Structure formats: structure tokens, C-alpha cells
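K.L.:
Top line first, the protein sequences correspond to chains A and V. Using our numbering, the first residue of the first sequence is number 227, and each one after it goes up by one. Using our numbering, the first residue of the second sequence is number 227, and each one after it goes up by one.
These aren't lab readings, by the way, just hints derived from the structure by calculation. Hints may contain errors.
To be verified - The following residues of chain A were derived to be distant from chain V, with all beta-carbon distances above 12 Å:
#1 Asp272
#2 Trp276
#3 Pro499
As the list claims (entries may be wrong) - Restraint ranges, calculated between C-beta atoms of paired labels, are given here:
#4 A:Gly240 <-> V:Lys316: 18 to 24 Å
#5 V:Trp446 <-> A:Gly399: 37 to 43 Å
#6 V:Gly459 <-> A:Arg435: 22 to 28 Å
#7 A:Ala301 <-> V:Gly508: 45 to 51 Å
#8 V:Gln371 <-> A:Ala466: 47 to 53 Å
As the structure is a computational prediction, the values presented were derived from the model and not from experiment. Beta carbons: idealized from backbone N, C-alpha and C, even for Gly.
Protein chains: 2
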Amino acid sequence: MASGEVYRAVAVLGRGAVAPDAPILTGDDLGVLRGDGVFESLHIRDGQPWLLEDHLARMARSAAGLGLELPDRVALTELTGQALAGWPRKREGVMRLVCTRGREDGDQVTVFATVADVPRAVLHGRHHGVAVLTASLGFRADARQQAPWLLGGAKTVSYAVNMASLRWAASHGADDVLWLSAEGYCLEAPTSTLVWLVGGRLCTVPSERTGILAGTTARWLLRHADRVGYEAGEAMVTPAELAAAEGAWLLSSVRGVAEIRTLDAVPVGSAPPTVRLREFLGFSGPPA
Amino acid sequence: MASGEVYRAVAVLGRGAVAPDAPILTGDDLGVLRGDGVFESLHIRDGQPWLLEDHLARMARSAAGLGLELPDRVALTELTGQALAGWPRKREGVMRLVCTRGREDGDQVTVFATVADVPRAVLHGRHHGVAVLTASLGFRADARQQAPWLLGGAKTVSYAVNMASLRWAASHGADDVLWLSAEGYCLEAPTSTLVWLVGGRLCTVPSERTGILAGTTARWLLRHADRVGYEAGEAMVTPAELAAAEGAWLLSSVRGVAEIRTLDAVPVGSAPPTVRLREFLGFSGPPA
Chain A
227 MASGEVYRAV
237 AVLGRGAVAP
247 DAPILTGDDL
257 GVLRGDGVFE
267 SLHIRDGQPW
277 LLEDHLARMA
287 RSAAGLGLEL
297 PDRVALTELT
307 GQALAGWPRK
317 REGVMRLVCT
327 RGREDGDQVT
337 VFATVADVPR
347 AVLHGRHHGV
357 AVLTASLGFR
367 ADARQQAPWL
377 LGGAKTVSYA
387 VNMASLRWAA
397 SHGADDVLWL
407 SAEGYCLEAP
417 TSTLVWLVGG
427 RLCTVPSERT
437 GILAGTTARW
447 LLRHADRVGY
457 EAGEAMVTPA
467 ELAAAEGAWL
477 LSSVRGVAEI
487 RTLDAVPVGS
497 APPTVRLREF
507 LGFSGPPA
Chain V
227 MASGEVYRAV
237 AVLGRGAVAP
247 DAPILTGDDL
257 GVLRGDGVFE
267 SLHIRDGQPW
277 LLEDHLARMA
287 RSAAGLGLEL
297 PDRVALTELT
307 GQALAGWPRK
317 REGVMRLVCT
327 RGREDGDQVT
337 VFATVADVPR
347 AVLHGRHHGV
357 AVLTASLGFR
367 ADARQQAPWL
377 LGGAKTVSYA
387 VNMASLRWAA
397 SHGADDVLWL
407 SAEGYCLEAP
417 TSTLVWLVGG
427 RLCTVPSERT
437 GILAGTTARW
447 LLRHADRVGY
457 EAGEAMVTPA
467 ELAAAEGAWL
477 LSSVRGVAEI
487 RTLDAVPVGS
497 APPTVRLREF
507 LGFSGPPA
């Protein structure tokens, strides 16, 4: 194939691989009528999804939060294999594994996996860092703790506010958003987890107290922080504290690690070890 | 057809009517991957959508909030006609008119309309009222006013929290939820607008100050309140004030008007004129 060509692949549970341009969802699928479903984004490297078990575990937690009957790990793992059957082994990609509540009058979930190239803007942020703006979500950091109806910690497909936040950032010349709580604590980004380095300690925001998503890539990094010479911990942090840290990053399965270069136009970090973290996480492909 | 049979119809912009069981959305449609789209629910009566112009106006506002290129009114009106071509004229129904951002690498929105029977639970609530629980959204009533990224007032398909709120109510033996702000004001229900009667005045919650959805059915009722002998107004209200009102209702295009019989198990209203309002709004079909 020509190098400029877009690669895509799709597989549907119970059907296997289908043509990427073939419609697979009916108009009454609650995934599109109500954003009623859960998903995971996985990094495809060496022809395989990275951290598959971690993602499947989180997807199961998300599904439990929504009362969705997610198929078991064996079936989901088989589905990822079907979606990847024709994917070039050397080609980096992003897989979306999706489970919706299915048709409105039905009793079966809709489950499918898509694979696509990593967007160029994501590759650019990975290698050149990102300019980030803060934006309040309006509620206190603990608001979702006793409110299961707010679906804290569940990765649903209802990302309209996430996408609107990113568009708002772009319209103000920035690359990404860091959501704040009403009292001014940093929470997470619309599609990424916040990690920062202070006093030799890699930190992230506690997910259980705040209802943010437990980031798969960030958790993996903190679990193995000693291998890059750091301790690991959880903390609440303000934008001012973040700007004074040695470094701060947005982590996700697709982007890997993107250095926060500025936060509300204020430079962040002093000699942040971005390249070391990126290579340790295995996101060392050519820059965009 | 047998009376127990389920009626469904679907039409896709640019294609016309399609078989209701035919898939129409690809796996990379941002409507399902990101809940990135807008919709309207319309009441089908006498073979036509009721208040179509009001719904199309609100859909255009929603689309503007998301930066979506919604097709014009002529095209959308034609689409509703295609979806209704085979719908029995005497049969009440609910239409969903949906516009998603389309495919991930594409530049065209996905637009379709579905028609289905009104769910039995909705008919039941219309005729027998509903037991409602309050649940906080966690943010102050004015939190969305200066935060366009929170999409206040936009009817997106990202309804996962709306659906979770309704499931939470059901799991506690109730029929619906009334969302509260952090400081304890009533806002709206997950799929309905709050209206109450106090001192001869039909009231609803101001949408611009609070970022709630401007309810099409509620607005129509208040615009014509004098025809049922009431004044009309907007106000902020607490659950305690609501319980002391002459009556309180949840209004939506599909349910019409459902009397709030209890709020957090406290009886609401004194001789509320529910039948009069229901007939005035034209929801006078046989009870479920």
C-alpha cells in the first residue's frame, strides 16, 4: 500500500472481521441514540494490543457501573485478534473496543473493535509536547464519590463534553485541556491522565476520590516507576503547583506521553525527562 | 398487523427509508465512538411530528454548540416525511431525529430518523403519574453559564449519565429522577422538563441561567398558559417548595405530561389539574 494510505479494520463480535466501510449499527442502537456504552482505546504495537488485560479489567469495571453485560475476556480477546488479522505487524495503531447496550427493543449488547492509524496530531504532541488550558468541570473533586448515577470512573462513549472541551482548546490556540474541580484541583484531561514529577516522585490524581478515569498507561508507569529511578504516589494538585513541578505530562494509550509545555500559557517544568519516559513506555516511533 | 406487533421505521438522509433492521452506521461513526452528535425526540400524532419547527430550531442551537453542520430545515423535514411514509396515521409514535459528526476520517455528518411505538412505561407514567427521587449533578446552577465546553442547553446523544440516573431511580423503586444543583435547586429530569403550578402560575426553570435543556413541550405549554387559565413564569425552586406547590409535572415530547406524585417519597401537590393539562397538550390516548 502507498505510505499515505489510511489503514482501517473492523471486527464485530459473533461475525468476525467486516469491511471497514460496512455499516454495522442500526439506527436504534442505544450506543448512538443515548451514548449508552463503554469503550477502551488500546495501543497497537508489534501487531498486538498493549496492556490488553489492564484494559479489559477497566472495561469490565465500566460495564459494571452501567449495568452492561460485557462478554467475557476470552470472547473480547478473540475479537481483538479478528480485528488485527490483516493489520501490518510493524504499523502502530489505535484500537477501539466498544460495547453498547444494543438495540432499543433488544436484549443483546453490540460489541465491536476498530483499528486505525494513530492521528498525526497525536504523534505531534507525543514528540513536541502540548499547550494546555485549564477548564472547570463545575463540581467539587469529591462530587462523584457518593453519586453512582454520575458514572465516575466509567469510560463511557458519552464523550460529547470531552470533545467539546478539546474543540474549545483548539479555538483558543491550545492543544488540550486540563479539567479542574470547582475548588481548583487538577483532575484529568478529556482523553488523557495527568502525571507530574516532583521531588523524585511521579504522581497522579487519585481516581477513587475524584471519579476520574484510572489511566491504564499512567498506572503502568507508576507501577514501574522504580525502573526509571522514581518513586510513585497519588496527590491532589493545583495548576500553580503543577507549573512549579519538574515536569508534567498527559498520558494515554494512544499518545503515550505528551509533555505539558505550557499550562494557561505559563511554562511548565524544568528539564522534564520526557524522552526517557517515552522510551520506557515504548512510544519511540519516528516523530510526526 | 397484530396489535402486539412492534412498529419501527428508519430513514437516512440522502437514502430515504431503509429497513429498520438494516445497519446504517459504521463502527467509526463518532456518534457511537464519542457520543458526538445531537438529537431531538418528537411526538408523532396524526401521522406528523408535533412542534416540528420548535424541535428543528432547538436542534440547530444544539448543533451550533457542538460546531456540527446540521442540514437545513427543508432536508430534515423531508427526512421526517420519509421515515413516516409507512407509519399508520392513527398510531402514536416517537421519532428520533439524529445528527452525528459522521465518520472519524470523514467530513460529512450522519443524519437519520427513527420512529417507534411509545414505550409502555411512558404511557403508564402519563396516566398514573411518577414517583421521583432527587439526585445532585454536583455543580452549581450557574456552573455552565460561562463554560461552553460543558455544552449547557445542547441536546447531545451523550446520555450515559441520563440513562444511569434513570436506572439508579429504578433500582430504588422510583420512576424518574429530578436533578438538583450543588446548592439544592431543582434543574431538570434526565429526559424531561420540570413544570409546577403555584398561585395560579405555571412555572419552569430558566434554561439560560442554568444550562438545562429548553423543553419544547414545556415552552409550548407556558406560551399558551392563558388558554388553560394560568399565568406563566420562570423561577428557581427547591424540592421543599415543589412539594408545597399545587402540582408539579415532568414534561417531554414523548410522555407529554406526567404528574409528580411523590418527590423523595413526599407527596406532591393538592388536586393538580393533570387531566386538563394532558388534554390541552393533546396527549389523550387510552391509558396503558
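K.L.:
Each hint should be assessed against the structure and marked as holding or not.
P.N.:
Comparing the hints with the structure gives:
no., hint, verdict
1, Asp272, "holds (23 Å)"
2, Trp276, "holds (20 Å)"
3, Pro499, "holds (31 Å)"
4, A:Gly240 <-> V:Lys316: 18 to 24 Å, "violated (38 Å)"
5, V:Trp446 <-> A:Gly399: 37 to 43 Å, "holds (42 Å)"
6, V:Gly459 <-> A:Arg435: 22 to 28 Å, "violated (41 Å)"
7, A:Ala301 <-> V:Gly508: 45 to 51 Å, "holds (48 Å)"
8, V:Gln371 <-> A:Ala466: 47 to 53 Å, "violated (25 Å)"
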